[in-house]
Each structure stands twice: as structure tokens, then as C-alpha cells.
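Asks: Sequences and hints are given; from them, build the entire structure.
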Amino acid sequence: MADEDLLHEVVQKLDAIMRLTAYGIAQRIEADGGKQQHKIEALAASGLPNALIADLLGTTSDTVRSALGKAKKRRKRDPSGTPQ
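According to the numbering used here, the residues represented by the sequence shown are 66 to 149, in order.
Read the hints as simulated data drawn from the structure, not as lab findings.
Within a straight-line C-alpha distance of at most 20 Å, the following computed PhoX-like cross-link-like pairs (lysine-lysine) qualify:
(1) K100 - K138
(2) K100 - K135
(3) K137 - K100
Please read these numbers as outputs of a predicted model, since none were measured by experiment.
Replies: Structural data, given as C-alpha cells:
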């Protein structure tokens with residue numbers, strides 16, 4: 066049982082580190098004048114799931130999914146991928 070407890074503790078700490086890192090990314094983008102769209106794209110590019118991105122930004126998973134869909138369409142039109 067001790068191994069399971071240790072594993073659970075490690076997973077919790079890794080989750081906390083991931084959330085703090087993602088929060089720092091979002092704060093940095095905001096400080097640079099970035100919009101929510103930019104934050105969503107950056108966090109998604111780092112591999113975070115939509116639900117976690119939504120939780121970190123205080124929005125819904127549908128909003129995140131919609132923003133990523135718009136970004137995908139924009140990249141098809143403008144391959145440079147620069148958010149607008």
C-alpha cells in the first residue's frame with residue numbers, strides 16, 4: 066500500500082507543477098497584451114487537454130474547443146499561423 070500512496074503523492078505534485086507552469090504561461094501572455102485566444106493556443110500547443118485549459122482560464126471546454134477550431138481554420142488560410 067505504501068507504493069500506491071507514494072505514486073499518488075508524486076502524481077499530485079506533478080499535476081500541481083503542470084498547473085503552475087501553465088498558469089505562468091497564461092500570465093506571461095496576458096502581461097504581453099495577449100488575448101484569451103493566444104493563451105488557449107499556447108496552452109494547447111504545450112499539450113494540455115481542453116478541460117484543463119478551460120479550468121486554468123476560467124472558461125468552458127466549449128470555448129476552448131471553439132478557439133482551437135478557429136485557429137485551425139486560420140492556419141489553413143494563413144500557413145504562418147500568426148494569431149490575430
